[in-house]
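Visitor: Residue numbers (numbering that gives the first Met the number 0), protein chains in the order written: chain X, 0 to 249; chain L, 0 to 249.
Just so you know, the hints here were simulated from the structure itself, not pulled from any lab data.
Possibly wrong hints are sitting among the right ones.
It does not matter which identical chain is used: a pair holds within one copy or between any two.
Derived DSSO-like pairs: lysine-lysine, alpha-carbon spacing no greater than 27 Å straight-line [what the hints assert, rightly or not]:
(1) LYS85 / LYS120
(2) LYS120 / LYS56
(3) LYS120 / LYS66
(4) LYS152 / LYS198
(5) LYS62 / LYS198
(6) LYS84 / LYS66
(7) LYS56 / LYS84
(8) LYS56 / LYS85
(9) LYS66 / LYS85
(10) LYS84 / LYS120
(11) LYS152 / LYS66
(12) LYS120 / LYS198
(13) LYS152 / LYS120
(14) LYS62 / LYS152
There are 2 protein chains.
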Amino acid sequence: MIRLFVEDPLSQGFLLGLDATRAHYLIHVMRMNIGDSLLVFNGRDGEWHAEVEGTGKGWCSLKIGDKTRDRGYPSDLWLLMAAIKKPRMAIAVEKATELGAGLIWPVITRHTVMANVNSEKLSLTAIEAAEQCERLDVPDVRPPTALMDILSKWPEGRSLVVCAETGNARPAMDVFSGWAREPAHPTAILVGPEGGFAKEELEYLASLPFVHFIGLGPRILRAETAAITALSLWQATCGDFGLPPRGEPD
Amino acid sequence: MIRLFVEDPLSQGFLLGLDATRAHYLIHVMRMNIGDSLLVFNGRDGEWHAEVEGTGKGWCSLKIGDKTRDRGYPSDLWLLMAAIKKPRMAIAVEKATELGAGLIWPVITRHTVMANVNSEKLSLTAIEAAEQCERLDVPDVRPPTALMDILSKWPEGRSLVVCAETGNARPAMDVFSGWAREPAHPTAILVGPEGGFAKEELEYLASLPFVHFIGLGPRILRAETAAITALSLWQATCGDFGLPPRGEPD
């Protein structure tokens, strides 16, 4: 069944007018007709049945039916990712969405080759991945920001896990399994650029009390692979991988 | 430093003639000249220094220097992957190589939409990824084969881990952590097609003593994401993620 992310509030009996892009997608790409069923979600009100109520040139209205799932509790997991080339950045965003990241933040580091990151386009990639993977929320994709600016306003209580190829990195599982029994461990994963972090960035990171360096084995992973791997390991130990498919937390 | 996979045996002082494709890559793509240094590996003899000894139209010869690393022990991990669309299949092969899979086998299942899988091309993707990630071997990419044929000749002592969205799947970590203390646990990860396995395939798989169904959380992962995630979790628990970057087993 088609799942569509919408911005509007959702409740039973509500009549929803879609914007031209979504109307075009439903009517011309997915070839839906009046009376056809789909699922809609907005990241706040859970997932609902909906039915195509009317269509015309550039518009489509949906009638909201009953609720199929409550919103659940999204994983409190962030991905901070040094900007890399567009297709690989898109892979990272798609996979991070599938793996339940709540926030995705392109960061600018000393050695970042500043490919012009388009956060709006990455946001669309995240919405599409959320529709596909049956998530009930969409990650917040932030505009690219300098790493040092993010670090200077770091939120209290959140660990920053740096994927590192050198230095005093501990195996990822040693770090994550220590957090597994806590009720919640807010975490951000940071992946550096292809050229690695600058020496002074590593030194600064190492001086911060909330930073943990993790290693991901003997091979040198591409940036997007490191992101996917680290997110997977966190979800499997501290996150929601214990839940069944399409499952809801208790 | 450039790393090049070659087919020939390697030993100190050996003079190696490259084929036209590799010669073109070194001379015209990477713009190397006589006397320039690189690293070579062949999957059997470890990694060696080499120097460009001579070049000409369509050829290049290398002089092999000293050995930089022994071969190590590749992870005994296979990926069996129902054929999916080419770009996503390529992502799966690239990432499986980075994550240390020793064998990658495109499989044909009941619901596989048989995109024409080109194993030779996927093999090139694997070689490129191995060069990039500093592996000392290259995964063996097999030609596409019917799942049932593979199962009928299943090697003794190897577990088959099926990524499943339904059924009696256990969380991946529950299964893998049980194997973590064994000296080695030969494993194959099986990922089904986008349409899932057929009912009779699932029933047959469930009847086999070497099969374990694992779940990868509440979201529905794309096939290549499931592959990357499952390989990551296996390496982190049963594999070589405890080793430092570029590290060698004791």
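Visitor: Each hint: holds or not?
Guide: Evaluated hints:
In the homo-oligomer, the alpha carbons of LYS85 and LYS120 lie at most 27 Å apart both inside one protomer (10 Å) and across protomers (23 Å), since each shortest distance falls under that limit. Proximity of LYS120 to LYS56 under the C-alpha cut-off of 27 Å is restricted to the intra-copy arrangement: shortest distance 25 Å within a copy versus 45 Å between copies. Neither within a single protomer nor between protomers do LYS120 and LYS66 lie at most 27 Å apart by alpha-carbon distance, with minima of 30 Å and 47 Å respectively. For the homomeric pair LYS152 and LYS198, the shortest alpha-carbon distance inside one copy (21 Å) is at most 27 Å, but the shortest distance between copies (52 Å) is not.
Taking the shortest Cα distances, LYS62 and LYS198 never come within 27 Å of each other, neither inside one copy (57 Å) nor across copies (35 Å). Proximity of LYS84 and LYS66 under a CA criterion of 27 Å is satisfied in neither setting, with 40 Å inside one chain copy and 34 Å between copies. In this assembly of identical chains, LYS56 and LYS84 lie within 27 Å of each other by CA distance neither inside one copy nor across copies; the values are 37 Å within and 33 Å between. Within a single copy, LYS56 and LYS85 get their C-alpha atoms no closer than 33 Å, and across copies no closer than 35 Å, so neither meets the 27 Å cut-off.
Taking the shortest alpha-carbon separations for LYS66 and LYS85, neither the intra-copy value of 37 Å nor the inter-copy value of 37 Å comes in at or below 27 Å. Proximity of LYS84 to LYS120 under the C-alpha cut-off of 27 Å is found in both arrangements, the shortest distances being 14 Å within a copy and 23 Å between copies. Taking the closest pair of Cα atoms, LYS152 and LYS66 never come within 27 Å of each other, the shortest separation being 39 Å inside a single copy and 48 Å across copies. Proximity of LYS120 to LYS198 under the C-alpha cut-off of 27 Å is found in neither arrangement, the shortest distances being 32 Å within a copy and 39 Å between copies.
In this assembly of identical chains, the alpha carbons of LYS152 and LYS120 lie at most 27 Å apart only when taken from the same copy (26 Å versus 47 Å across copies). Taking the closest pair of Cα atoms, LYS62 and LYS152 never come within 27 Å of each other, the shortest separation being 43 Å inside a single copy and 54 Å across copies.
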